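Undergrad: The sequence shown stops at residue 267 when you use this note's numbering, and every number in between is there.
Worth flagging that the hints you see were computed from the coordinates, not collected in a lab.
Hints may be right or wrong, so weigh each one.
[As the list claims (entries may be wrong)] Calculated pairs, BS3-like style, for lysine-lysine (alpha carbon to alpha carbon, straight line, at most 30 Å):
hint	residue 1	residue 2
1	Lys218	Lys74
2	Lys89	Lys74
3	Lys105	Lys186
4	Lys105	Lys81
5	Lys122	Lys105
6	Lys218	Lys171
7	Lys194	Lys123
8	Lys122	Lys77
9	Lys207	Lys217
10	Lys207	Lys81
11	Lys171	Lys74
12	Lys194	Lys122
13	Lys224	Lys122
14	Lys217	Lys81
15	Lys123	Lys34
16	Lys224	Lys89
17	Lys218	Lys207
18	Lys186	Lys224
19	Lys105	Lys84
20	Lys218	Lys194
21	Lys217	Lys186
[To be verified] Just the calculated beta-carbon pair ranges, DEER-fashion:
hint	residue 1	residue 2	range
22	Arg184	Gly8	14 to 20 Å
23	Ala111	Ala3	31 to 37 Å
24	Gly174	Asp252	35 to 41 Å
25	Asp252	His18	35 to 41 Å
26	Ala3	Tyr35	50 to 56 Å
27	Met46	Asp252	35 to 41 Å
28	Met11	Gly234	36 to 42 Å
29	Asp252	Gln32	34 to 40 Å
30	Leu7	Gly49	33 to 39 Å
31	Lys186	Met11	17 to 23 Å
32	Lys171	Gln32	39 to 45 Å
33	Asp129	Gln29	30 to 36 Å
Since the model is a prediction, treat every value here as computed from it, not as a measurement.
Quick reminder that beta carbons are idealized off the backbone N, C-alpha and C, glycines included.
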Amino acid sequence: MIFKILFALALVYLGILMFFYVFQHYFFFRPEVLPQNFQYKYPFPFEEVHYEMEDGGMINGIHFKIPNALGVVFFLKGNSKSVKGWGKFAKDYVGKGYDFFMVDYRGFGKSKGRRTEAVLYSDAQFLYKKLLEQYDEENVVILGRSFGSGIAARIASWNNPKMLILDSPYYSFNFNMKRWGFWIPIDLLSRYKIPTNQFLKNVNCPIHIIHGNKDRLISYRQGKKLYEENKDRATLYTIEGGSHNDLPEFPEFHEYLYDILVEQVYEKTATISG
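Make the full structure from the sequences, and use the hints.
TA: As structure tokens, this is what we get:
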């Protein structure tokens, strides 16, 4: 009788593991799909961009531009919704003197095609190279928010941007998933490893980490751990009381961004001029 019970439990567990492996995209991503004729509307100038990829996929996004920009922020967003909603954050960077470039991952918004970890990296690298056709690399800022933080770290490790900003980053995607699925062999079954900690070892530019110390989705401990392993290039900015989705509501968040994107840039320019 005990053997039968244990066998039944084992079958149920294996069924759960199989379900997770097959349908993990539904756990990891919450995309908003937009019709191709959807019209973006924002209160400041922008252009919609489309890129046809070699494998048949298509990437769609928005590029906000202002006169005499200090550079461009290449923003890699989180794992939900589409640029339709994320576009509102452009004001936080346009208002600090930067152009702002953001796209939807495949399967989000108007972007199409099969999404894998390798494809996420290759698409982001393709887009980075596209930006270099318009901007000097020394004026390109890579910013990864939440899920996008690991992709941002990968692209920064392959290139030489002005700086890398990580907003609420995970130590590695699997590290964070294990907090919730500790009873599942995540390393074996997950199709998304995204080892941010490993990527940062090959990043040569300044690294700025912003994290709320009350973040329950991606623990503050992970951002702090990334900082502690890269103290020679990294700075940690703690938002006291900040959780995962409310950092822009804190004045400190915008003060930190201003210091990172504007004050430090002008200080560096003044030092070089002097």
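Undergrad: Hints broken by the structure, by number, lowest first?
TA: none
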